[in-house]
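Asks: We have chain D; now place chain R onto it with these hints.
Listed here are the chains, written in short residue letters.
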Amino acid sequence: DTGVSQNPRHKITKRGQNVTFRCDPISEHNRLYWYRQTLGQGPEFLTYFQNEAQLDKSGLPSDRFSAERTGGSVSTLTIQRTQQEDSAVYLCASSLEGLLDNEQFFGPGTRLTVL
Amino acid sequence: KQEVTQIPAALSVPEGENLVLNCSFTDSAIYNLQWFRQDPGKGLTSLLLIQSSQREQTSGRLNASLDKSSGRSTLYIAASQPGDSATYLCAVSSNPGGGNKLTFGTGTQLKVEL
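Protein chains in written order, with our numbering: chain D, 595 to 709; chain R, 33 to 146.
Here chain D stands alone, though its shape is the one from the complex:
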């Protein structure tokens, strides 16, 4: 068990470009979450998967944001036509339903800077 990993750790892009982030959850964790954190704030929920199914995407700020989890393990978060306000740290977390009351374990995050 090596924990939740995310890559890249840092991404600098120009406004209007598309970006994709990857999350590798703890093996056997069937739940996966994406959160976004801006400076001085706590993380905010974006979307949630149980196995391959995206069960809640109520936190995605616009249709430019999408996520998928093919095969029920690795997940990707894609932002199309990036804007400056998308600059933030994108955090991924995973948990195992029924274990430790669904305690969530977080990765180190991907810091996105949109110029």
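Because the hints were derived from the structure by calculation, they are not lab data.
Glycine included, C-beta positions come from ideal geometry on N, C-alpha and C.
Among the hints, a few may not be true.
What the hints assert, rightly or not - Below are the SDA-like pairs computed for lysine to any residue, each with C-alpha atoms no more than 25 Å apart in a straight line:
(1) R:Lys74 <-> D:Ala647
(2) R:Lys74 <-> D:Leu633
(3) R:Lys33 <-> D:Pro655
(4) D:Lys651 <-> R:Ala61
(5) R:Lys74 <-> D:Pro655
(6) R:Lys74 <-> D:Ser681
(7) R:Lys143 <-> R:Leu43
(8) R:Lys74 <-> D:Gln677
(9) D:Lys605 <-> R:Arg69
(10) R:Lys74 <-> D:Phe659
(11) R:Lys143 <-> D:Gln635
To be verified - Short derived list, chain D residues pointing at chain R, Cβ under 7 Å:
(12) Asp618
(13) Gly636
(14) Glu646
(15) Leu649
Replies: Chain R alone, transformed into the frame defined by chain D:
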């Protein structure tokens, strides 16, 4: 909509002092509450998780309490050390549809000085 507030926003204490961080939430229908630690430029480390039916949890020098009916939790740190310096985040989970998504406070930035 659930809202989580943490007080104080920042705290500076001398080494060895006992301290209390506060967290309040507006909707008492929570599934559980987690306390996290975040070091600069790093992800979140889970410290303690309290189920909604529990009153407190302890881990080493840390003790977290939960009063669900009043919407409050406290994190008690005993005999603080410089290595405890970090931002501490409180998060509550709701369970609509079984997701247990977390709602976070803005954190308390702790500095423990030598």
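Asks: Hint by hint, where does the structure go against what was stated? Just the numbers, ascending.
Replies: 1, 12 and 14
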